[in-house]
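> One line per chain: the protein sequences are A and B, in this order.
All the letters of the first sequence, read from the start, carry residue numbers 515 to 855 under the working numbering.
All the letters of the second sequence, read from the start, carry residue numbers 382 to 708 under the working numbering.
Since the hints were made in silico from the structure, they are not lab data.
Think about it this way: if two alpha-carbon atoms lie no more than 27 Å apart in a straight line, the pair counts; the simulated DSS-like pairs of lysine-lysine are:
no.: 1; chain 1: B; residue 1: K462; chain 2: A; residue 2: K805
no.: 2; chain 1: B; residue 1: K462; chain 2: A; residue 2: K743
no.: 3; chain 1: B; residue 1: K587; chain 2: A; residue 2: K542
no.: 4; chain 1: B; residue 1: K462; chain 2: B; residue 2: K393
no.: 5; chain 1: A; residue 1: K805; chain 2: B; residue 2: K449
no.: 6; chain 1: B; residue 1: K462; chain 2: A; residue 2: K744
no.: 7; chain 1: A; residue 1: K571; chain 2: A; residue 2: K632
no.: 8; chain 1: A; residue 1: K519; chain 2: A; residue 2: K707
no.: 9; chain 1: A; residue 1: K571; chain 2: A; residue 2: K619
no.: 10; chain 1: A; residue 1: K805; chain 2: A; residue 2: K744
no.: 11; chain 1: B; residue 1: K453; chain 2: A; residue 2: K744
no.: 12; chain 1: A; residue 1: K522; chain 2: A; residue 2: K689
Some chain A residues flagged as far from chain B (calculated, every beta-carbon gap over 12 Å):
no.: 13; residue: D624
no.: 14; residue: L683
no.: 15; residue: H814
Partial pick of chain B residues on the chain A-facing surface, computed with a CB cut under 7 Å:
no.: 16; residue: R415
no.: 17; residue: P418
no.: 18; residue: I599
no.: 19; residue: S603
no.: 20; residue: V607
no.: 21; residue: S629
no.: 22; residue: V659
no.: 23; residue: V662
no.: 24; residue: D663
The C-beta atom is built at its ideal place from N, Cα and C for all residues, glycine as well.
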Amino acid sequence: MAVKKLSKEKLGEALGELSKFRLIAPAKSDDVVVFKQIGDAGEAFLGYGNSTVPPKKFAFPQTETLFRFVVGNPELNEKNVEEEGTTVIFGLRPCDARAMAIVDKLFSWDFEDPYYLKRRELTTLVGMACVEPPSVNCFCASVGGNPFGTEGLDMLLTDMGDYYLVQELTDKGKKLAETLSAQLEDAAADDEKKAEQMALDAKGKIRRSIDTAGIPEKLPDLWENELWKKVSAACLGCGICTYLCPTCHCFDIQDEVEEMGEGRRCRMWDSCMFGEYTVHASGHNPRPTRKERTRNRINHKYSYYPEHFEVIACVGCGRCINLCPVNIDILDILDQVVDAS
Amino acid sequence: MVDLTKLREMAKEVISREDVRELIGYRPGTYGFRVRPAFVTGPDDADDLVFTPACVNNLASYIVLEEKLPVKRGEEPDLRKVAVMVKGCDSRALLQQMEEKAYPRERILVLGIPCTGVVDMAKVQARFPDVLEVGEIALEGEKLVLSAGGTKEEVPKEELLADKCTRCRYPTPLVYDELLDAEVERFADDDYADVAEMEKRSAADKWAYWEEKFNRCIRCYSCRNVCPMCYCEDCVLLRLQPQWMRRSVDLSENTAYHISRAYHLAGRCIQCGECQRVCPVDIPLMELNRKFSKDVLELYDYEPGTDVENPPLLSTFKVEDREDFIM
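Input sequences plus hints: build the corresponding full structure.
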């Protein structure tokens, strides 16, 4: 696939070109960086480390209407994802793109989720390489990722100073490059080499790490271990760690009344850290306390997922560490898993 | 500053008592300048307890967050006390909980810490974004001294102090069984100037302001869960039949959620600021809560969490209560 470059002067023009699609880019809401649909190029904010909330909601919306119904009418008004149109997510970090590739496995597993998969098919992911790790708690390299990783991406941009190096990675990326043919130029011969060196340097700057070897195999034996009580003691049971996790994908389905006699069935993010998560109709809760819920969070990522899909469902973005109100730190938990016997 | 040797000695003594089950305090965090809540069950665990200006968490929340599982047949419920370390602001949460009869006074043992102020961790993080080593924050006079990985930096305390501390009227806990140090004189006052400023803005202007904030709410419920006053066993949010509040996350429902919560805290919020501190998307929730606090103070001369003998505001009626704002 071809390698091109985009001068920073032409970035606005390129984003303008892309806004003929549904264009999602990092933007500021007060001082918080979030991914949102942008109308004009000026709204995009590329001086960010990483967004507070990952862009997963553009593949897996936090609330998604599946169909609408009217009492007395057997016809269902079903959702048509195609109406959302072609989407470009611009400027997501390699960890967040890799997370989508990991979650794809789940949504195309025993049941092919039509909404999610259609949306993914319509979406092109344009990544921004991490020349500097966005936070002290980044640990992507420990879980199979890379600050310049391309997994899940269709195109990767690397900030080279005055310009971005643009790598086409898939057919979708190639098509997008064609759309931007007026803005892209040929890259210099040694640019790719330079970027390779930058990638090595970036990896060297990652501060935190964990040796995951053996963790997935060990976790089932630690089911009743006292460590779970210890690591969950301070947990508030809020949804920060899971809602801000780019790989967490649990959802609930509910019916909501909109107008008298009209309603909709929708699905929305759920979190295993919530008390009502998987409460049975009988009132029994298989995960009655935060101890079992924390154990579930770690096991889901580091045991069940590798067992089914041969990949750890954690990309090391560090959000759950950065934003936990009580400093529950997944690397600290994993260290205790390694030490436990 | 709290003498750590004294604090740990006291903790050891307390946790060794037969009638104490657990002691909740603070210990160093896993990275940077953070500390985290510590749950001490034996004298040996008391050795890593700390108290520094980084101890932001309101530990009173854990008293009402405790999970009460059914007691197994043949077993007795553990009715021993829980000991909890509180700063002045946090102690108001305990008082308010007790005013509301959330639990009997004898169930807890309060270790009061006269507090000279805690930092705003977001300000610390913004100023020292690259600190990975576990560091320390100490208050020395008017300066905060931050040390990590062999380096030491001094910062004027007003640059990093939490907003609530700059208007703190209760630095010494209002309830305690043991006080860890000499009382601290009140060092600030609260004139609610920030609320008055907000009140001056037009309705359209205020709505535009809150619309931006509520739009980015992800409904993680961290504000609810961390709140020491949010302890209903049956939360209105969990009701599905009928569904009082939809689960869908959009501006309308997010607004309903935050306004409901603010109303439920009217006359109850003790202004520890935890809801705002924990919000991952920086919604300034204390601006709502402080508006209610100001109203309650002006209308009824009532301040929650200051007197355990005071019945909760909304459970009382006096003939002379003002009602001119209703009609």
